[in-house]
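S.K.: Following the hints, complete the assembly by docking chain Z onto the known chain U.
Chains as they are written, first to last, in our numbering: chain U, 1 to 147; chain Z, 1 to 204.
Since the hints were derived computationally from the structure, they do not count as laboratory data. Glycine residues also receive a C-beta, built at the ideal position from the N, C-alpha and C atoms. One should not assume that every hint holds.
[To be verified] To give an idea of the chain Z side of the interface with chain U (calculated C-beta under 10 angstroms), a few residues:
#, residue
1, Gly35
2, Gly37
3, Asp39
4, Thr51
5, Gly72
6, Thr92
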Amino acid sequence: MSPIVRRAARGIAPGLLALVASPSLAALPNPVLYLTGTEYYSAGGKNWVRYQYDVRNKADYPPQLFAPAPALPLCGLNTNSSRSWVDFFDSRGKRLYGFCALKTPTDLGKIWFAVEEGIVPPSYIYIEINDRQTNTKYKSNLADTTL
Amino acid sequence: MRIFKTLLVFVSAAFAIAAISSPASAQATRTWVSGVGDDVNPCSRTAPCKTFAGAISKTAAGGEIDCLDPGGFGAVTITKALAIVCDGIGGTVLATGTNGIVVNAGDQDRVLLSGLDINGGGTGINGVRVLKAKSVVVRNTLIHGFATPASHGISVEGPAAVTVAGSAIVDNTTGLSGAVVSGGDNLLAGNGSDGKFASSRARQ
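With the rest of the complex left out, here is chain U (with noise of 0.2 angstroms):
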């Protein structure tokens, strides 16, 4: 086999395995966002709102999805991060904060983020799943933070 066959097989390995590892990822639908509620808690001197939220069809999504990536860049400090991150946005695009670790599919169901008390939080949020192997992205509706 000449070298540059072999660099060419090389560079397509890996994507070949991400296809053969997630045969239906291509599938997958954009996630369902809801309001479960809100928790008032203090931490570093200051009380703060945590608006929870939970994924109607977290069931939709395979388990690989958010398995241990440790090829992919770190999240931080953490080594172990998963394939997928969620990150929230206010309905303007600006992000307010996302989960880079989390485990499995199930873990959608307790996915949130918080305001200062007294901070007026945006109207309607949403979610995107960042499947970062494939570099594809699932936007969830827009969630009101009120109930």
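M.R.: Relative to the frame of chain U, chain Z by itself:
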């Protein structure tokens, strides 16, 4: 030179008017909330806000927040003279883990809460907590589900003449705490302890 002086007077006057009128124009006397509103809006009837907390900063002292359609409009702290009016609409405040409406206004400020459903969801602290105001009137309002050991439907903790009329205060740990005058036609039921309305004569 005379023209220059005249011009200077006009320019100064324009600046003075702008300085005086700008703060007032930022707040409307009547604002609106809607279940499909957004707090980035000016809270006008055609561009309503989403929550009472979002609307209050855009409502002038002595003004009124009205509900345009049913929705959950969130907990709020009232710090000025204000009316919140949702009669016949279905304006809900779901206050799990917190107070529904806190009144901490000036000692000459009058507050009116009308036509609300204030729900503590079992974990709310106080439905209406009054810290300070000249007067607070709660009418045609349902206050329920404030059921932690220290919860109250209405808790009056500071100087204010609080009157409740045509309202139901049910299924709370304690219905009333502090001096609350009945304006008539109220229901106190299902609370761990109902509490008692103060004598209206004593409040006057």
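S.K.: Report the numbers of all earlier hints that the structure fails to satisfy, in ascending order.
M.R.: When the structure is compared with the hints, none of them turns out to be violated.
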